[in-house]
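K.L.:
Here the structure of chain L is known, so what remains is to put chain V in place on it, guided by the hints.
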Amino acid sequence: MSLLKLTVNGKPVEVDVPESRYLAEVLRYDLGLTGTKIGCNESECGICSVIVNGRPVNSCIYPAFKAQGADVTTIEGLDKEGQLHPVQQAFLDHGAVQCGFCTPGLIMTAKALLDDKKAAGERVSEADVKVALKDTYCRCTGYQSVINAILQASGEDVKPYIPETKTPHRTVGRALANPDSLAKITGRAMYTDDFCFPGMLVGRTKRAGLAHARIRSIDTSAAEALPGVVAVLTHKDVPGRKNHGLVSVDWPALCYDKVRYAGDAVAVVAAESEDVAAEALELIQVDYEPLPVVNDALQAAQPDAPIVHEERPDGNLLKHIKVRKGSIDQGFADADVIVEKTYRTPMTEQMFLEPECSIGVPKGYNPESFGGRVDPKAERGIHFQHDKTTIYCGTQIPYLDRDQTAAALGVANEDIRIVAALMGGGFGGKEDIAAQIHVALLAERTGRPVKMLYTRAESLLFHPKRHATVIRIKTGAKRDGRLTAVEAELYGDGGAYASLSEKVMTRATTHASGPYEVPHVVVDCYAMYTNNTPCGAFRGFGVTQSCYAVESNMDLVAEELGMDPIEFRRVNALDVGGTTCTGQVMRESVGLKECIDWLEKDMRAHHEENGTPFQWSWADGTKRYAWGIGIGYKNTGLGGGAPDKASAIVEAWVEDGKAIAEVRTSSAEMGQGLPAVLAACASEELGLPYEQVRVLLGDTDHCPDGGPTTASRQTYVSGNAARLAAKQLRLILATAAANKLGHSAGELEFADGHIVCNGSRASIADAIQWAQESGQSTKIEHEYWAPKTQPLGTGGDMHVAFGFGAQAALVEIDSETAEIKVKKIIGANDVGRAINPLTLEGQIEGGIIMCLGNTLTEHFVTDQGAPWTDVMARYKMPSIKHTPKIISRIVEHETADGPFGAKGIGELSSIPTTPAITNAIYNAVGVRVYSVPVDQDSLLMAMKAGEKECLMGWGDFEPVPSVPDRILVSAEG
Amino acid sequence: MSTKTPTSFEEMDCAFPSSLAEALDLMADESTRGRPLAGGTDLMVQWESGVVNRPERSISVKGLPELMGISEAGDELVIGSGVTHMQLRSSDLVQKHVPSLAEAATTVGGFQIQTMGTVGGSVANASPAGDLAPSLLITEGRVVVANREREREIPVTEFWQGYRKIDLQPDELIIRFHLPKKSAESREYWRKLGPRRAQAISKVMGSCRGQVLDGQIQSFRVAIGSVAATCVRLTGIEEWLLNRPLNESTLAEVEKRVTEEVQPIDDIRSTADYRRWVTGRMVRGFLENWLEPA
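Residue numbers (the numbering used here), protein chains in the order written: chain L, 33 to 1005; chain V, 232 to 525.
Derived from the structure by calculation, the hints contain no laboratory data. Take these hints with a grain of salt, some might be off.
[To be verified] Label pairs and their computed distance ranges (CB to CB):
1. L/Ala-152 / V/Ser-414: 24 to 32 Å
2. V/Gln-392 / L/His-639: 17 to 25 Å
3. L/Asp-307 / V/Arg-395: 25 to 33 Å
4. L/Ser-157 / V/Arg-395: 53 to 61 Å
5. V/Asn-478 / L/Glu-640: 53 to 61 Å
6. V/Ser-414 / L/Glu-196: 52 to 60 Å
7. V/Gln-392 / L/Lys-268: 52 to 60 Å
8. V/Gly-305 / L/Thr-654: 49 to 57 Å
9. L/Gly-42 / V/Arg-288: 29 to 37 Å
10. L/Glu-196 / V/Gly-300: 54 to 62 Å
From the three backbone atoms N, C-alpha and C, an ideal C-beta is built for every residue, glycine too.
With the rest of the complex left out, here is chain L:
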């Protein structure tokens, strides 16, 4: 320990810390400046950036003592007396803040850049921004808004990019900052690791490290004997249900018979310090009998494959999913052209920038017995009593976390409370149980709060990924361009546990004939158990994979037919009156053709601006250019017959003479802008200014169940719940006001915080008081049920609505190196109705860039169950320098039951990008890519050899056959 003296945000501080402490740790844990975030601890993501003596540094690897005597500026030091720094203000204006976890890093790096440029008397260019921020990652925004914000802050005249939408209502349809954005840009937003409780222990997990093995014995005695260790738990200490799982209950909280993937949890430790906890893990002795490993879905389907779950009747088959429509033989008999190809997609990683963190607080916890009190920032306006086992965590499904934890502890659901903190991104990766059960067990055993913060390596090892798939697809069409048949066979690598595999692969299956009118369809999908990391939800939910295959085949068929790819899609595009492959008749809200029209218009406009006629491809020196397009659709809501509901409370009160309404629901904000949507819905109904509506999410003791934040469903279901609760509240207020004003309730107009009628005028605050005085409650809970849906295979409405999207990509390929640059993306999306165009645009741009990564760089590599991708540096995700120009078009074909006509967008934008880019690559250089991410090396080799097909993928050492043998015969036949 030594004395470290710093000046932090202008104030001198002294702190006695170990010499090996990093600056980020000092700031966060010793000085309580939690605005500085840690994303990787490997100098990769840049979000921990702070400014030391005028220079930006990655504080996660910056030895604190290197800053001895230095002047340190953190995000908390930027705003002065309530006045935001210009960079902060610009981020707010441009919506360049979503989950907010990377935001401090982006802002601090940008500030350093602007300061440098100002000192040099230079203007800031887009190129400067891209160089300076290329190692500061953001997984939500897609960077276009970030670039614009920084340019604006530098003094350039750059307006926020907000696509045109319908004429707004009072609040709905307006571009407004998310209510929590201010806290996020000033470093005050609280994520789980920012909470600190007196007496808190460090929790750690002993992971299997083996992909498949039988457990002979577990010996924890040496670990328990280590001074500083407070508890070591194994499966024997799980008093209730041993397994958890969102669909199938097959995932052990702590393994007892076998380990089925390298990230399996075998024991957990609570200790006084991180060092002791780490040492304790080393002392836990597990005797394993190694078993042969199931490496991928195709191997899993072989009759002699090792079995991952012996207790299951169907071997490694997790689920066989079928779609049948018409007569497939007839369909291919009718076809003039048939194309059959096989495509492969890899496992990919959400790489949310906030690693998983959970804190368990035991029932009856009193901070004063540990010489302190709860951090007042943790109270969030609620007086905190830990009268039950409480878990603080970032989660997409608070109520299922609660119920699964209760089952493991063997207590009633109501005996557990989940307090959802803000989430630094989720993208589907925070739906399954992480450490929630572990910290609850440890907290109850030790009687002390226990925090488990996963390292990036542990996060990569543990959490469910996007399914690797092999998709064989056969498409038939007539000479006139009409599709006659689609037959597809999909193999999905579900990994070691079911997670959401069944649901994800169902979506891949039901979307496998594309958003087209196809009379004859057969799709078989085999979700398989393997010894890889479990696969589950990831933005796009299976459709990202099947869309790539569908749309690649569409271009191949168009070429065979000699038809323009746009025209070919237009001929077949679903429209009102059309029928999907599952037999759902589209009665309304199908804006697909309008989306396609936009692509054509904008591609042509691009050439008109450059004074050239439209062309699909052209060359300039060694560079090849081409456009490619992809069309996609994505269900809104759970569908498939699942009960789909959300509840919300809207409560109104008067505070400092002003009416305040608060929307409460246990849905999750992970950067997608849900609070903005909920606030807009309530504000619209109540006629209350947006700023006077607050949102509280995810506290299971205060917020009713909003259901899972998945399936692009929250705007639809929770938006409706908030809207309808607000509507009922308005009726109460109207009745109270009508009595006072002498009008009938129906005559009253609610707007701008007032109630008006024929010259009478009262404030909503007055109405709230009048209602309360008359004994009326101004707290309304509404449970919204989405329209009923039908299970797959029974025809009818499988989903309540679909979002439709079309994208065009302009790529540049270097003919000598096969380097690929995406120069421009045009994206048109039918969202039903834009509730907030600013946050909507964030979802669209972020989805596009994420899917660009899926196409060109992202691959979670494993070998025999061992992840090669074990640090962030080994996972290449798009940085700011990859960001193309994005043109966004909003199409609004309202859906009757959606709030104000809205349907989901969260996933749609991340679906057609991949085929748009790979189709563009084909158009540019004449080589079709059958495996993503695109392997630049193999592409170049194919180009040089004059081959038309590129079959090698990132993980391949040898070329693979284009059509693997049909190998699986399912139990269901």
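P.N.:
Positioned in the frame of chain L, the structure of chain V alone reads:
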């Protein structure tokens, strides 16, 4: 395979000397010696990820005044080992006299990495894909290292001895670099290729310095990273090119010769083929630059 134990909180002795003499004193004695740590952008990450075991001690050399500064000494630039990538790329002297080095420094990471990382650290890290290595090699400059007793000079071309292996004794620190300036008539170029598959050895990059007079190649030096265990000079190619006319037949022949001369590590079949091919194109592309006015 084993799961990694994160080490972020592990105790490690860190020394923060305030002068070079103090640092060399610490390095002189085995009991106080530690792993020299400059910007930490490579080392911290390697320790953190478990690729390299964390040493018991480290000695911070970042910002030692004796290691800073960029100056001229006759026909040479003298660059302190503690100079950051940001200082390199912004230096008028570097931009003028070893322009490919300034350009290479620009591509090293984003703002933070450029601010933290140093030329000495990059050289000591000895990655076959070190961004600065090609530009240092083509200058035929010298590395100056020192221990408490003396300084020692090593030609840059001999400093990297093998994969991640450098000519540095346990008690020595890298002090500075002496880099001969390019002549007014000569030109330098730098190129780094875009992203490739994750498991493959990193991006291919290269630098060249040369002079062409009346269509004839007077001098040409070229170094390429990522095609061997260290960044390499293609001396056979350089010799072959000397005094040849810069025309299409030379370009075609040199491209062919390069693909024969480089021997990339055959990690993944396609990537070895790829690197051989693009190295040929890169060298050809460098020479083609002289067909255009400067």
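K.L.:
Does each hint hold? Answer for all of them.
P.N.:
These are the hints, each one checked on the structure:
1. L/Ala-152 / V/Ser-414: 24 to 32 Å: 30 Å, holds
2. V/Gln-392 / L/His-639: 17 to 25 Å: 55 Å, violated
3. L/Asp-307 / V/Arg-395: 25 to 33 Å: At roughly 29 Å between Cβ atoms, V/Arg-395 and L/Asp-307 fall inside 25 to 33 Å, so the hint holds.
4. L/Ser-157 / V/Arg-395: 53 to 61 Å: 37 Å, violated
5. V/Asn-478 / L/Glu-640: 53 to 61 Å: Because 41 Å falls outside the window, the suggested range is violated.
6. V/Ser-414 / L/Glu-196: 52 to 60 Å: With Cβ atoms ~58 Å apart, the hint holds.
7. V/Gln-392 / L/Lys-268: 52 to 60 Å: Distance hint for V/Gln-392, L/Lys-268 holds at roughly 55 Å.
8. V/Gly-305 / L/Thr-654: 49 to 57 Å: 40 Å, violated
9. L/Gly-42 / V/Arg-288: 29 to 37 Å: Given range 29 to 37 Å: holds, Cβ gap about 34 Å.
10. L/Glu-196 / V/Gly-300: 54 to 62 Å: 55 Å, holds
Figure legend: structure checked against the earlier numbered hints; hints not met, in rising order: 2, 4, 5, 8.
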